[in-house]
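**Q** Using the hints, build the complex out of the two chains.
The lines below spell out each chain.
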Amino acid sequence: MDQGRRSFRNPFDIETPPGAEGWESMYPGYLLFGEELRERDEQKLWFFDQMHNPEPLYPFDLMMPESWLVSLNQYTTRVWNLPTALGIEHRIVNGYLYLSPNVIDDPAAMAEREPIFAQRARHYFENWDDIYANWVAKATDCIERLKAIRFEPLPEREPLDTVLRARGTTTAFDLLASYSRYLENCHEMAYYHFEMLNLAYGAYLTFLEFCRSHFPAITDDLVARMVAGIDVILYRPDAELRRLAVRAVELGVGGALTSGAAPDAVQAELRTSEAGRQWLAELEEVKDPWFYYTTGSGYCHAKRAWIDDLRPPFAALADYVRRVERGDDLHRPLDKLRAERDRIADGYRSLLDGDEVTGFDNLLALSRQVFPFVENHNFYVEHWHHTIFFNKARDLGAVLVAAGLLEQDDDIYFLHRYEVYQVLYEAQARWALGVPTRSEYTWREEVARRRQIYAAFEKWNPPPALGVPPDKVTEPITVTLFGINTDTIERWLAAEAEGSQDGRLLGLAASPGVAEGVARVVHQVEELEQLEDGDILVCPLTAPSWSIVFARIGAAVSDGGGIMSHAAIVSREYGLPAVVATGVGTRVLHTGDRLRVDGGTGVVTVLERAAAPAGEAAGA
Amino acid sequence: MTDLHVVPDQTAGQEQVAVTRNCLPEHVSHVGGKAVGLGSLLRAGQRVPASFVVTAAAYRDYRRGQTRELRAAIAGAYAALGQLDGTEVLVAVRSSAAVEDSAEASWAGQFQTFLGVSGADEVLAKVEECWAAALDPHVGAYRTGQQLSPDEGGVAVIVQELVDARAAGVMFTQHPETGDRSLVVIESSHGLGEAVVGGDVVPDLFEINKITRQQHRSRLGTKHTEYRLAGGGRGVQARPVDPARQQAWSVSEPELLALTDMAAALEAKLGRGLDVEWAIGTAPSTHGEEALFALQVRPITVDPRRRAERPQPPVAGRDQDAIGHILGRLAGRERGTGDG
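Those protein sequences? They're chains A and B, same order as listed. According to the working numbering, numbering within the first sequence proceeds without interruption in unit steps and concludes at 620. According to the working numbering, numbering within the second sequence proceeds without interruption in unit steps and concludes at 1340.
Please keep in mind that the hints were generated in silico from the structure rather than gathered at the bench. Some clues are possibly wrong.
Mimicking SDA-like on lysine to any residue, the simulated pairs with C-alpha atoms at most 25 angstroms apart in a straight line are [as the list claims (entries may be wrong)]:
1) A:K392 x A:T140
2) A:K472 x A:D41
3) A:K336 x B:R1213
4) B:K1269 x A:R349
5) A:K336 x B:A1264
6) A:K472 x B:E1177
7) A:K44 x A:N461
8) B:K1269 x A:G347
9) B:K1269 x A:K138
10) B:K1269 x A:E356
11) A:K138 x A:H123
12) A:K287 x A:G260
13) B:K1269 x A:S350
14) A:K459 x A:H123
15) B:K1269 x A:L352
16) A:K472 x B:G1328
17) A:K138 x A:I149
18) A:K392 x A:R417
19) A:K392 x A:I307
20) B:K1269 x B:E1207
21) A:K336 x B:Q1215
22) A:K287 x A:R332
23) A:K472 x A:A108
24) B:K1269 x A:A345
25) A:K472 x B:T1178
26) B:K1269 x A:D355
27) A:K147 x A:E240
28) A:K287 x A:I307
29) B:K1269 x A:T358
30) A:K336 x B:R1234
31) B:K1269 x A:G354
32) A:K287 x A:T140
33) A:K147 x A:S178
34) B:K1269 x A:L351
Bear in mind the structure is a predicted one, so any value in this text is a computation, not a measurement.
Same shape as in the complex, but just chain B (with noise of 0.2 angstroms):
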């Protein structure tokens, strides 16, 4: 099992906020799948945009009306990342949902993100639509059919500074359909990432070997469009992308093998198998330095059909005599995949 299972355990931490390195996977139901993802990134030593969690306890205070207290703590997190560059950062307010991550997407719709925050009351407030949204008559009759109260479970809400990516993509730490554990499978288009999590361009496309760190395959993408923050980053703006950068990679070499670098230290922390969200470009925690972040982390969902149609390797050496493989392999028994 590794870091990302997650163990609900009701009786984790009750602070109202939460210092994003410390949600562990037992506080699943207190920080939300989200935080514990990022909770990975950071104690696997990568860089994660800065941030803080308002928790599901949070969420329950609020409920009872303890709104004093929670609005002292919001704000003191919130300055604290402010500290970072010394002015009011823009940051991103989502909802980060009491399950594991990847089990979100079956609540699509119900979580809510706002982008291009500023200042203390404006996080409040984001927090608060959050948790309206979540409270929401048609999300909650929704939510009771999943056997999940939301008094019982709450909705956790990530506060995080904003990237501005000028690359950005997702990557598999194994081959997705193949399972090749040797590759790391990278997509990555210009500007932020939403345009290949969306599907609104064919990305670029890299597998590359672990272990010689050369590449494999590539293809180049189409990307006619991209993403980036616009309005003061209150919002985020599709562009045309022009032909030229249309054919030109969207990271390079050496950024390749940073993102390769990163699926080999995420592997040794988390175990094998991980989808990584991430994204290069500057960020206030950077003072305008150009880095590459981690954004987010789950173990690879293989659609089971898919799995099913795989073939299964043979069982090798599994009377552990190598001879006797070979001797099975060259009298028939064993054809193996020397055709392929």
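The shape of chain A in the complex, shown without the other chains (with noise of 0.2 angstroms):
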């Protein structure tokens, strides 16, 4: 094969988008490509993580990826030892995100390693349960002592109590004392994240493959079903939403919910009633923890959850008031799932002879009991964590309004979390001398420097991977966190290629069904209203909050996610086709043209191109 050919665009040679010129200061030197390292990076992969970033990065929600990168990294690299893998490596590109894995090839090294990471990981798969359950205590704390924290803007005068007390700091001291908590909070979240997430994914993964070797033909979703859980903690928010609605029609109020009103209106409404007054305060009660609920990845602020923006929830329960006044029942059929799920593992273990047998009931023993952590670590980290982690950035940015520094309070989300110490800082000077400064004017040239920067980033598309791809991709992070493998680099290799000329786009089959529909793409989640009945979407990544809409859509089609990401998980519990990680879905279709998406294979057909694609460019 011409290896020449078998390459994506150097990343040396992207181009800056126009307005974006200067964008590299607002991220960290480390992360940026440099000559220094040029001859190593041109000939690595480098593939977009559209699974957690799909958006441009906001420099203080870099927070989240740097994090990760060295909690999840010093499992892989300094904890556990895994013999094949070490870091993932970031680097950022107009704005986006791209990350490049580390095998270790050199058999000296691994058999060096091996010892070390069987005994270690051993220990965790051994006493799994106990260590979940100590694993859902510390994730808890860990959230209460991040709710404790509390930024306050500057008062005139210090508390006369400062005094009485002889203290002998202030609360200008404190607000830094409570950032550098804050910010500890998240890097030890971060930990939690990945304590024992690889160690799930890699039972998966091995689950998986031994399904692949005895049936080539298995699909990733099939083998999903067998393993996912059925009454986890991820799908109780949507669970919450249904009872809600249930006693809403219980109590004569479902009247008010389906109204269209707006949720204030609504709410203003049920306050006018002893019967509304009682639904209210049902709702408030599952507001804390399940309407902490991204209608994101958790990876970004400017995507809110149900607690910031009731809009979504409040969509939700008018569809679910409207069906159970038709008479719907809306309990999820635990037993039928649990039912489908044992007969799909039944019918392929009926397949097998002797050990075969034995080695798969193993393993999809193994598999199910890990796999709730996966599937729960996302609601407690991505949902419930990072929303407050994100909303005590946004009071901190009206404590830097307050205090002169900035125009806005989600101006601080161009900043990066060492640049906030130093506005921190500034602000406690200003405070301290009583009279104007500097800073009342630099930051805020800043940051309106840096929101063009960001609304250039957005009309950039940034291609599916950089570099030249290894032969084959087997570092199994990249495998089973991200859902790249090397069918995921063949398709986008011959995307870039060829587009979709042929009208057909192969991604991962995520959830069955087959559905004919005309496309809509969407960007963010205020765009979903303009969806229509039937309408497939197109989109960067189908989040589990967008699943409000699923009950309207014909299809999901998504540029990012792999067959666990939750994206995937909740499209199967919705009964959705879906087909995931295309790489360029919202590039290559239009809004308006006429695609069949089959879910079961991971083809999206595209049947009629709309008359003039909706001012969308061409594409990279």
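**A** Pasting the structure below:
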């Protein structure tokens, strides 16, 4: 094969989009491509982390990738001593996050790490249930400590109490100390995030490969359905909405929820009756924690959670109330789902013999034992903890607005977390001086500049990958956490070469079923209301909270996502045909195209192109 | 060992005409491999075109000049077929080699098939022609080379009603190339199965997951030709297929599910890895109603070279320790097919 053609664009040849000049100063230098490592970096594969950061990185939100850069990679490299892998590198290109795995292929190095890895990983597998129970306690405690951190505007005068108690330090000092604890708390949660995740995915991967070796045609979706938990915490937010919808009908207040009014107006209406107040009280009870449920992947502050914006859950409530009034049973058929999962497993088991059956049963049992962690960690970390974390940043932004250093509270997200230290220091200095300082001008100007750059980033389409792919992608973290394997790379190479000229796009089969309909390309949750019944949602990533439209749309096609990403899990849960990880769907498909989506094979076919692609660029 | 694997037993049944359903593997030298296959299908509960078997013993009796009893037996059995709809039914008369059906290929050309035969006299005449073909000196020499004398083995003949097939083809109860046991692979075309078996057309192809009963893959064939019964069933005629029908699937979704059910039923009775010929059409025994027929079954023959190319699955769980297996995988000792 011609090696020269088997590569993506050179990361050093990527042009800066107009208006984004000077963007590099927004991010730490160690995350940028630089001449020092050019020879090495341009020979590696760098793939776009569409799954976690489909949007350009806000400098503050870089907290999350930088947290996992250390926590995930420390586990791989230093804690578990995974024999086959070192850490996953990060680079930022025009605001977008690219990742590159590193494999160990020196047999001597692998052999040295293997016994260390085996001893350590075995300890976790053998004590999984106890360690997981303790994990839940640690994660919950971490979240409670985060909640307790408060950012209050600096007072006009230091409280008298400081003097009477002879504290010595001041509230300004407290602010900086709180900020330190706040950052530490996020790093701490990132460690918990990856404490068990690699191993859980490793168990799943092994079972997946066992199934594929015996049944080459088995789809990832079928393996996932054998392993996936039925009654896991990740589904609780939706379950609570269903319950609240039933309660609303019981209390006779369903009409307010289906009125189509904005959430504020709906709540005002409900407050006028005893039954309405009762329902609102029940709503309040479930909000913490179940409304800490983000509309994004949990890695971007701009994707708000239900607790911040009641429109998504209220839209879902309206839909559920209508269904209750129609006589639908909203309870998830747990017994049916369990029976289905057992039927698939029994079906495959019946095709195996002797030792194969034992191997299948053991791997399936272990996968099922560890998999609830994969599903549930997502609620604790990405939904619950990250929502609180990003909202606390907004509180801190308000403190800096009050101190006169920022224009509006969300300016803070345009500053890197260590720049925020500097701003906090300067706020404290201004508070100390009691006279104007340059700080009131410099940070506002910088934020304004960065907002323009960010807008330029949004107009740029990041390619799915850069650099030179290896012959085979074997690094287990890349394969399992990011859903990227040799096939993915081949698909992307083909898509880069041909676009979708043959009217066919191949992704991962994420949720079975076939649907035809009109495409609507959607980038933001706010645009979901444009979807009409039966439309095919084409998006960078289907987030669980987008499930509110799943009742209306025909199918979903996403650029990113892996088979066990929360997106795929919830798509299957809603019985929606879904194809994920197309890499280029939002670039090569256009609103108005007529599509056929086969969620069983992962093929998206363009049946008819839209008359005129609605102002979308031709792509990279 | 499945019901299809033949254990030759020269001492089994000596009757001149055998009931197909009773043709067991141990009777192969007496009734031939095809009849054993049909018997297996019948005992597995499948609809098979109505038939009877003129046995190798009948052939030996015939050679010794004992023709009167034979005539009576064949006439009786044929009349019984005819009672299915009260007329002289059209039948096919074909040789059934006294070897495993799948081994018959190496004897190709020495076995006869006559279509559209009617009346007891004509049936007997065609049975005689089958035997004459087997007695051909050229054939005899060939078979001597195969260590099987015609006097010892004999040649059985199957007499079977004709199915006017709207669609037909072959079905593998596991993937013939990858060996995937979860898939049923169906090849189908319009008309009689000869178009598929003889390689005249690119058939429609379906891969169906046995467990979910959903289509894993499908491919529309070209199907430019179909074979249909012609001349009152006396022959088979190749006809062009009009473009609209070429573009249409040759079988429906429910028919594919019926075939999938057939595969499951056959594997339950006969073991895994079957190669099945099937047809959907009408026959005297269905009184003109369309039905799905199983026509033949044999173990899938896998090309040994292909088998060698196929990667052997890792022996998972060999130490019965799932944790050890996972640790081994993550340590890179068992690469598996994660990149597949």
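**Q** Hint by hint, where does the structure go against what was stated? Just the numbers, ascending.
**A** 9, 14 and 30
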